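Engineer: Sequence:
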Amino acid sequence: THVNKNGLKIPVEISSHVFELRKEAVTLSIVRDITERKKNEEKLKESEKKLSKLNLELEQIIEERTKELKESEEKYKNLSNELEIILDLIPGLFFCKDRNDIVTRVNQNFAEFLGMKKEDIIGKTSFDLFPEEQARKFREDDLEVINSGIPKLNIEESADNPSGKTWVITSKVPQFNEEGKTIGVIGLAIDITERKEKEKEIIALVQFPSEDPYPILRVSRNRVMYINNAGQKLLNVVNSDQIPEIFQENVKNSFENIKISESEFEFDNRVYSFTIIPIEDADYVNIYGMDITERKHIEENLKEVNKLKSEFLRRASHELKTPLISIKGFSDLILTLYREELNPDILSKLGEINDGCERLQNIINDLIHTSTLESPNLKPKVQKENLSFLIKFCVHELQSLAERRKQSIKLDIHPQLYTNIEKEEIHDVLSNLLSNAIKYTPPKGCIDIKTETLEDSIVVSIKDNGIGFTKKEKNRIFQQFGKIERYGQGFDLGIDGNGLGLYISKKIVESHGGKIWMESEGKHKGSTFYFSLPK
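In our numbering, each residue carries its 1-based index in the sequence shown increased by 2.
Worth flagging that the hints you see were computed from the coordinates, not collected in a lab. No experiment lies behind these values; they were computed from the predicted model shown. Treat the hints with caution; some may be incorrect.
Here are the simulated BS3-like pairs of lysine-lysine, each with C-alpha atoms no more than 30 Å apart in a straight line [stated by the list, open to error]:
#1 K7 - K52
#2 K261 - K298
#3 K305 - K167
#4 K119 - K139
#5 K537 - K386
#6 K476 - K394
#7 K261 - K452
#8 K383 - K452
Ranges between beta-carbon positions, derived for each pair [to be verified]:
#9 A284 - N422: 14 to 22 Å
#10 E158 - K119: 47 to 55 Å
#11 L155 - S350: 43 to 51 Å
#12 G166 - E354: 28 to 36 Å
#13 G166 - R67: 40 to 48 Å
#14 C448 - G515: 25 to 33 Å
#15 D100 - E251: 46 to 54 Å
#16 R341 - Q401: 25 to 33 Å
#17 E50 - D100: 22 to 30 Å
#18 E247 - Y286: 14 to 22 Å
#19 E251 - K305: 27 to 35 Å
#20 D100 - V307: 19 to 27 Å
#21 E158 - R225: 16 to 24 Å
Backbone N, C-alpha and C define an ideal beta-carbon position, used for all residues, glycine too.
Generate coordinates for the entire structure from the input sequences, incorporating the hints supplied.
Structural biologist: This is how it looks when you write it as structure tokens:
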């Protein structure tokens with residue numbers, strides 16, 4: 003420490019050197035003021051303390067996040083177990099296979115059908131489980147679904163198992179990943195062996211209809227020409243009687259339209275299906291009855307399973323929201339408090355976490371919305387709203403996205419269109435259709451929005467000159483997870499999609515008593531989406 007000329011004590015650094023001058027030892031000392039260096043050293047120590055504290059806080063946050071992730075994993079495990087239980091309740095053979103024909107999941111019914119354990123089936127192919135000819139047919143159907151992305155429904159086929167040959171009706175749908183790419187096939191097969199046997203019996207009994215266990219009638223325009231024993235017992239009718247009242251209207255229509263018609267009636271707590279078949283160039287029709295009580299029970303069970311699926315989606319979505327909100331909240335907090343101290347790599351990772359959280363939040367919201375819309379008791383909370391104002395509002399919201407691609411949006415709408423709607427729901431429909439038009443219309447393209455007032459409805463159309471749709475794509479777009487891929491075609495604008503938007507829009511419009519549809523002349527020829535609402 004040294005006292006300067008002002009009397010202040012300052013830190014100094016002294017360096018001395020001894021040398022000989024005129025045969026005398028002389029000491030030369032240099033005094034340097036190191037006040038600034040000392041201040042910098044103090045600042046460095048303070049920064050080291052802050053960094054140490056920050057590292058400690060980050061370690062604590064990481065520890066908390068690790069704990070939350072473990073809790074989330076446990077919830078995932080529980081949800082997976084619940085899904086396994088639901089799949090085991092399905093009255094059919096459920097299975098999932100990847101693109102390489104590897105079985106990834108089956109339910110208990112499928113395992114029992116093959117006389118194996120579930121875990122012994124997973125990882126095997128169709129060729130490991132079934133005779134080669136059957137496996138080859140199964141694989142052809144799987145590839146058709148995977149390559150086209152279109153479900154294949156009600157395939158009637160045989161499948162061998164240790165008990166012998168079984169007849170099933172199989173439906174297969176494509177399985178998509180988060181990017182909307184097809185990664186496999188999901189299938190459900192219903193055992194119809196008993197029905198096939200009954201069909202054979204019916205065919206065998208055609209020559210002896212009086213002994214048929216189900217009602218068979220031949221009727222003219224107003225009289226019963228023939229009725230077998232089962233029909234007489236069930237309908238309390240004999241030959242030459244008038245046509246039973248329950249058939250009169252359908253019989254009349256069959257004679258006039260020459261078309262097959264079907265109807266269902268209940269007798270003594272049993273449900274019967276009657277098929278009326280007009281005979282060409284004959285003045286009579288044949289009526290065939292069948293007891294479908296068990297089938298109706300299965301349909302009710304399937305409805306219940308669908309309810310369970312919707313409830314599972316709802317619960318899973320809500321369970322995911324809590325840790326997601328926590329993760330996003332803490333990443334936001336870190337960015338707010340320590341943005342200046344964090345290096346660019348950590349900032350980038352935190353930004354990716356935020357973006358991922360937002361994408362997942364959108365997916366969860368759509369899943370919850372889908373689950374809500376599938377409720378049979380859903381009724382929109384409608385009130386009189388100006389649809390024209392709502393259209394303009396949506397255009398204003400998405401105008402910046404269109405401007406980024408130098409697109410123009412033209413409006414040709416009535417200034418005042420009042421109708422009874424739930425504003426937020428119809429806003430979602432308009433926003434989804436318009437954002438899709440912007441996304442799939444090339445730069446400098448044009449989007450036209452029009453309204454048309456009909457006698458009992460209002461029709462809104464959104465037309466673009468974008469990528470358009472093929473016939474196969476048109477059959478998929480309003481299905482759940484029916485996203486059409488446009489990778490590498492220059493149309494992506496960063497508007498994320500999960501294949502639920504148009505499905506949700508369809509459900510919303512239908513819940514309002516309206517319709518939604520699309521027209522396109524083909525690929526690269528643009529498209530027009532329409533939806534109608536009652537006045």
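Engineer: All hints are to be evaluated individually against the structure, with a verdict given for each.
Structural biologist: Results of checking the hints against the structure:
Among the hinted pairs, K7 with K52 is inconsistent with the structure: their alpha-carbon atoms are about 37 Å apart, more than 30 Å. Between K261 and K298, the direct Cα distance comes to roughly 25 Å. Compliance with the 30 Å bound is thereby established for this hinted pair. For the given pair, K305 sits about 28 Å from K167 by alpha-carbon distance, which is consistent with the 30 Å threshold. A C-alpha spacing of about 24 Å is found between K119 and K139, which places the hinted pair at or below 30 Å, so the restraint holds.
Distance hint between K537 and K386 is fulfilled; the C-alpha atoms sit about 10 Å from each other, no more than 30 Å. Our distance criterion of 30 Å between C-alpha atoms is met by K476 and K394, whose separation comes to about 28 Å. Distance hint between K261 and K452 is unfulfilled; the C-alpha atoms sit about 40 Å from each other, more than 30 Å. With a C-alpha separation of about 25 Å, the suggested pair K383 and K452 falls inside the 30 Å cut-off, and the hint holds.
Here the CB-CB span from A284 to N422 is close to 51 Å, at odds with the stated 14 to 22 Å. Separation of E158 from K119 is about 28 Å and departs from the stated range, judged on CB atoms against 47 to 55 Å. Between L155 and S350 the C-beta distance comes to about 46 Å, which sits within the given range of 43 to 51 Å. One distance hint, 28 to 36 Å for the beta-carbon pair G166 and E354, is violated here, with the actual separation near 56 Å.
Between G166 and R67 the beta carbon distance is about 55 Å. The supplied range of 40 to 48 Å is therefore violated. Under the hint 25 to 33 Å, the C-beta atoms of C448 and G515, about 32 Å apart, fit the expected range. For D100 paired with E251, a C-beta distance near 51 Å keeps the hint of 46 to 54 Å intact. The supplied range of 25 to 33 Å is met by R341 and Q401, whose beta-carbon atoms lie about 31 Å from each other.
A hinted range of 22 to 30 Å is violated for the C-beta pair E50 and D100, which are about 53 Å apart. Restraint check, E247 to Y286: a C-beta distance of roughly 19 Å satisfies the suggested window 14 to 22 Å. As the Cβ distance of E251 to K305 is approximately 28 Å, the hint placing it in 27 to 35 Å holds. At roughly 24 Å, the beta carbons of D100 and V307 sit within the given window of 19 to 27 Å.
In this structure the supplied range 16 to 24 Å is violated for E158 paired with R225, their Cβ-Cβ distance being about 37 Å.
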